[in-house]
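S.K.: Here are the chains, one letter per residue:
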Amino acid sequence: MCTPPFISNIKSQQTKAYSSSLSKYSDSRISMAIHKSLFASLLICLLFQISHGATKERLFSDLEKGALEVTAKPSREGVLDAGIDKLSITWKLSSTATKEAEFTTIKVKLCYAPVSQVDRPWRKTENELFKDKSCPHKIITRAYDKSPQSFEYTLERDIPTGTYFVRAYAVDAKDHEVAFGQSTNEAKSTNLFSVQAISGRHKSLDIASICFSVFSVLALLVFFVNEKRKAKIEQSK
Amino acid sequence: MRHFQRYIYATKNYSENLKELRAKRLEKNKTHVLSQEERVFFSRLLGTIMAHHNEDEGSVGTSMHGVTAREQVFSFSVQGEDDGPSSHTVRFDDPTAKFALPVDSEHRATAFKPFSFAKPHMRAFHLGWISFFTCFISTFAAAPLVPIIRDNLDLTKSDIGNAGVASVSGAIFSRLAMGAVCDLLGARYGTAFLLMLSAPTVFSMSFVSDAGGYLSVRFMIGFCLATFVSCQYWTSVMFNGKIIGLVNGCAGGWGDMGGGVTQLLMPMVFHVIKLAGATPFTAWRIAFFIPGFLQVIMGILVLTLGQDLPDGNLSTLQKRGEVSKDKFTKVFWYAVLNYRTYVLFLLYGFSMGIEMTINNVISEYFFDRFQLELHTAGMIAASFGMANFFARPLGGYASDISARFFGMRGRLWTLWILQTSGGIFCVWLGRATSLPIAILSMMLFSVGVQAACGAIFGIVPFVSRRSLGLISGLTGAGGNFGSGLTQLIFFSSSKFHTADGLSLMGIMGMIFTLLVAFIHFPQWGSMFFGPTSDEKKSKEEHYYAAEWTEEEKRQGLHEGSLKFAENSRSERGRKAASDGSSPSTPPENGNPAHV
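Respectively, the protein sequence lines represent chains R and Z. One point on numbering: in my numbering, the residue at position 195 of the first sequence is 195, and numbering is uninterrupted. One point on numbering: in my numbering, the residue at position 17 of the second sequence is 254, and numbering is uninterrupted.
To be clear, the hints were calculated from the coordinates, so they are not data collected in a lab. Certain hints may be false.
Here are the simulated BS3-like cross-link-like pairs (lysine-lysine), alpha carbons at most 27 Å apart as the crow flies [claimed, not checked]: (1) Z:356 x R:232; (2) R:92 x R:133; (3) Z:335 x Z:356; (4) R:107 x R:65; (5) R:65 x R:92; (6) R:138 x Z:511; (7) R:131 x Z:394; (8) Z:394 x R:109; (9) Z:564 x Z:790; (10) R:107 x R:73; (11) R:146 x R:73; (12) R:203 x Z:511; (13) R:138 x R:174; (14) R:124 x Z:394; (15) R:174 x R:124; (16) R:230 x Z:335; (17) Z:732 x R:133; (18) R:228 x Z:356; (19) R:109 x Z:511; (20) Z:511 x R:86; (21) R:133 x R:107; (22) R:109 x R:174; (23) R:124 x Z:732.
Per the computed footprint, the stretches of chain R lying under chain Z, defined by three or more beta-carbons under 8 Å from a beta-carbon of chain Z, are [unchecked claim]: (24) 116–129; (25) 157–166; (26) 203–209; (27) 223–234.
A short list of chain R residues far from chain Z (calculated; beta carbon distances all over 10 Å) [what the hints assert, rightly or not]: (28) 74; (29) 99; (30) 109.
Don't be surprised by glycine CBs; every beta carbon is placed ideally from N, CA and C.
Please work from the sequences and hints to get the whole structure.
M.R.: Here you go:
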């Protein structure tokens, strides 16, 4: 949408035009403000560029499927507790992989299963890689090694309640994803595990909140009663 | 015997004192019109003579009271001096001499000095708008933190949307009730009650563990938005009608800024608490203590520093004869019968309502759509609400300027233009796919919609004189209603993407803004039609006196409305100035309660 060299040309032309027209008024403050606003808009354009990088057109469907064999084994049965329970994750090169030469880094991420994406558009799966929000939680990033790798992951305390699987992206030297492997099947229906988030509540917080609430109500009542009493005394005088 | 002696004393000194005064007058002003001092002298003299004829003790002038010009004189004004309460200057021995600002005869300030904190007027202004500001912070405090809260409580889009609806719905009822509360307890206690009784609801965010709890807490916090009413009520009793438009516009606009500041404040507080070591799911709960503290502190400040009325607090003044209050049933009846009330209710719903909806959804929108950091999204969302600082007063000012040239028609067209352009930019915001365009359209949208809020309250005072307070309250409640409605339709289900919801909301707003065309005043016309040709009905007096029954008119209760009608002739625009029938200044007592 905005191209920096073009903008800087415009900017220099515009600043020249502005300077000449403003020299009559010789108000350096107006020109400063205009320079600042142009600079700010330029900055915003740059920010936008940076935030999108060059990943705009890369699609998930272009990645090589099943290039890595990934397993994720929960430390115990049932619903796992965030912050306490562990996953033991392993990944190794699959025999069907073809782009192995490009692999430099492996990024392992925790991804939402479809059931956790229902009615939650902020977790939606999109084909454009930069838009895809189904794998927001990073587990580990490691340099690519031919031998099988493993990692013991303790579920972070900011993992929300939901159903998950593990996916490992193989990334090339340009930081572009080229292949991936995941611990579940293509329909994302097998080998899923559930996590229960921490509540975030603390007894000390609860007590503090009660104390301040009581203080607030009491202070009001004290003021009210006091003033009514003073008014009565004044009236009886 | 004492009376007679004083009488002699007064008449003996009469010739000397009066000769002095007359010489001074002729020397200085060279006029035969009596000077102020002479008039006062005569009135006191008259009082003393009257007292001589009066056997009672304690009636006017029976003591030396008034003769030495140092005591307070009671109301024995000479006829012909009465030209309206707000045009009286301060009498030289009036207790009003102790006010820091110039005041009128009701002790309401006639000047507005925003940088002053003088007791009681400017102090009331600042306490009022900051309390309202604090409540806006609390009500919308959850909005920028929703990305964290939705993960902690496992919320769905419908949960978030419903909680947003709940957060603005409570105030529909509390705003309606607040007028009565202020009448009963005074503005000070109205504000303090609301602040300090809703602070526990803010603190109780620390207990929330599921969607239902989240919704109920946001609903309860939302009640405190009724501070809008108490703030405007407080400024209306403290400031004279000629400047009340500007004062209320500033108080309303600066208070509304709280919705913007909270988008900046809460992520920052959250970030700092996280840095201090808390996990995100605990940090957001601790962050809610900040708005809670602010409310408690403001409540205490209001109680200790504030004053209900210019002369003192309500409880101490209540024993002196207050002006008899109008009957609530009558006020309610005339508000409900006037169709313009409902039109304004809906119009405000799609200006203030849209603004409040945006406060609830915009931070999450920028966070999700443009993959920004939480505090970056908050910063952008904050600039929406912060535009209120100048946008709302600007709207009121634009309305006043257009009224000067085109009268009420100008006001209506200004409102339509501002609100429709707000709607257009809202549609553009929904369509924007790049961040700079989204920010630009959001800023233009914010100015349009907030100026429209100011413009609506440029019209509200003229709809009714008798039921002004209630209509202002109903209009304010309409804002909350519109916000609840738009959030329910567009932002609570997965049917629409948030972006589409924004565009559709803009279109709906533009459609409802067409209702402005239906506001018709018989004396001034409407957007497309002129005033009625009926001789009697085209008088402002007819419109405002129609709110009083014959019985009440006979009792003279409608005097205030007649005075207002005369001053409202300025709403005829330039024609009024050419008629020479009235001054072109905005009506006195014109815009009291921008509730």
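S.K.: So which of those numbered hints doesn't the model satisfy?
M.R.: Violated hints: none at all, because every hint is consistent with the structure.
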